[in-house]
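Colleague: Can you make the complete structure from the sequences, with help from the hints?
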Amino acid sequence: MNKRKILIPIDGTERSMHSLEFVKEIFPKDSVEIVIMNVKELVLINEMIVADEIKFAQELGDEILEAAKEKMKDYKTKTYFTFGYPGDEIIKKANEENIGIIVMTKSTKRGLTRMIGSVTTNVVKRAKCIVMIVPNDFTISIT
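Each residue of the sequence shown is one higher than the one before, counting from 1 in full-length UniProt numbering.
Just so you know, the hints here were simulated from the structure itself, not pulled from any lab data. Only a predicted model underlies this, so the values are computations on that prediction, with no experimental measurement involved. Careful: at least some of the hints might be erroneous.
Said to hold, decoys possible - Beta-carbon label-pair distances, calculated as ranges:
no. : residue 1 : residue 2 : range
1   : Asn46     : Lys73     : 36 to 46 Å
2   : Glu53     : Asp30     : 21 to 31 Å
3   : Val43     : Glu97     : 21 to 31 Å
We treat Cβ as the ideally placed atom computed from N, Cα and C, and that holds for glycine.
Modeller: What follows is the structure in structure tokens.
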């Protein structure tokens with residue numbers, strides 16, 4: 001039986017890490033393969049990208065992904081870091097990996113688009129798979 005592939009985009013905030021806990025709560029470890037991704041949006045200054053900034057961003061991304069992978073150590077997991085616009089990169093990765101479910105955490109901001117986040121809204125509109133949105137106040141209750 002093919003395992004369902006889940007993409008979990010994280011940005012390193014505690015809020016985004018709720019997605020990992022949610023997946024652990026909902027999906028047995030032998031039923032899924034997980035791709036955890038981190039996308040760093042590059043900011044151009046006078047049309048230049050500073051090499052040190054790229055190196056620092058890559059190192060930070062790798063640390064975020066390693067921490068996430070450690071949280072999911074009982075699962076078959078791979079990590080992916082890239083630069084770009086998060087919405088575009090998440091959709092691209094979901095298509096490349098034949099992802100069945102994208103799990104994201106909603107934003108803490110107010111307003112309809114901000115309620116689930118502009119990146120999440122973009123992904124929901126464009127994804128060809130299921131998108132699950134985890135509330136940022138999601139807590140696991142072990143009974």
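Colleague: Indicate, hint by hint, whether the structure satisfies it.
Modeller: Each hint tested on the structure:
{"no.": "1", "hint": "Asn46 / Lys73: 36 to 46 Å", "in the structure": "43 Å, holds"}
{"no.": "2", "hint": "Glu53 / Asp30: 21 to 31 Å", "in the structure": "41 Å, violated"}
{"no.": "3", "hint": "Val43 / Glu97: 21 to 31 Å", "in the structure": "27 Å, holds"}
Checked against the numbered hints given earlier, this structure breaks only hint 2.
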